[in-house]
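Asker: Sequence:
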Amino acid sequence: MNKHLFFFITLALSFNCYAQISYERGYFIENSGKKVDCFIENVDWKNNPTEFKYKLSESSESIKVGITTVKEFSIQNYSKHIRANVKIDRSSSNLNQLSSTRNPIFKEETLFLKILVEGTSNLYYYEDGNLIRYFYGKDGQQNIEQLIFKYYLKDNNIRGENNSFRQQLLNNLECTAITPKGIEKTKYSKENLIRLFIQYNQCMGSESFNYQEMQKRTLFSLSVRPGLNVSSLNVTNQVNTFRNVDFGNRLGFRFGVEGEFFLPFNKSKWSIIVEPTYQQFKAEQESPDSMVDYKSIEIPLGIRHYFFLSESSKLFINGSYILDNVLDSKISYSSADVEITKSTNLGFGLGYKKNDKYSLELRYHTSRNLLGSFAFYDSDFNTISMIFGYSLF
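Mind the numbering: the sequence shown is residues 14 to 406 in the working numbering, read in order.
Don't read these hints as lab results, they were simulated from the structure.
Ranges between beta-carbon positions, derived for each pair:
no., residue 1, residue 2, range
1, P277, L405, 18 to 24 Å
2, K295, M399, 15 to 21 Å
3, D259, D369, 38 to 44 Å
4, E324, L232, 16 to 22 Å
Listed below are the simulated EDC-like cross-link pairs for lysine to aspartate or glutamate, each with C-alpha atoms no more than 16 Å apart in a straight line:
no., residue 1, residue 2
5, K203, E226
6, K370, E324
7, K280, E37
8, K308, E297
9, K93, D57
10, K343, D306
Since the structure is predicted, the reported quantities are computational estimates derived from the model, not experimental observations. Even glycine gets a Cβ: it sits at the ideal position worked out from N, Cα and C.
Could you put the whole structure together from the sequences, leaning on the hints where they help?
Answerer: Here it is, written out as structure tokens:
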């Protein structure tokens, strides 16, 4: 079945090359102040970008521009970034790499900052790997400062926290609705800070533009996934060749329930999947006189990637590590029974999804040894599945 695996990989790579790249309406502002209306490639960056691609029309060639020539860019009704010269502290929060200095160690850098809240007072966001920093600034002012939060190592090797961002907020968000007690409860998190900045802008009679609200997305999906298996089983015995048996190919039914957890970046193109699945394989052979009754609950744990074809349709590929929990299964010979034991293998799938509701997947399973607990037995169980999916939510 290795040729099947090769086919899956080749086909997946082909879809990766030809899947549509999404360019959405937006604009950018050049250093000269000129505003260019265009279509920007919406990568839904996890890390703040330093460059991006755009097209002047949907059919034109893409052009790449970067932070040295662009001072602002925005994707319509989705996101906005501005270029800023800021002082940023990149101190690690890793316990093994903590600084012994409580104060931030600032370095001046030019960054594209993502705007989370825009109004009288603006909240900005920067992410680079495991580093997350928040910045703030007043509307119409050039000065943008980092909100200071830092882990550091105390003299007794205990982790300390520098929460100076609360004092910064208290000093700069002066309003009757903002109280010291409320700020004391504020955490250095996206949800907490967005709520506080919106509250302040409303208090000042200013309208807040919440870009984060515009990017709300589905984080979890639950689907029922019935399907058909084409499976084969070949058993060999190194000591007694009379127990060698090929049960051939059989068509069987499978039924799974899939939970899909979408990762919050790259437009939800990546997800973690888990799919408890019931499957059964039954077969008989006359020579030698033998029968197999194998049923189990498979638990594939994997990762999936989507390729958008249009707003309503997309292709996907996934790979899974499969834990197989056997349910009272055995291979029976005329003189003895051999118990089937739990095992693991891998699964690779290629599929299509429509309207985030209906899906069809072809999945290849690598070989599974059902008799791994027996020294003289070996078995080769292979499956290709056709899976139909319906998303409940």
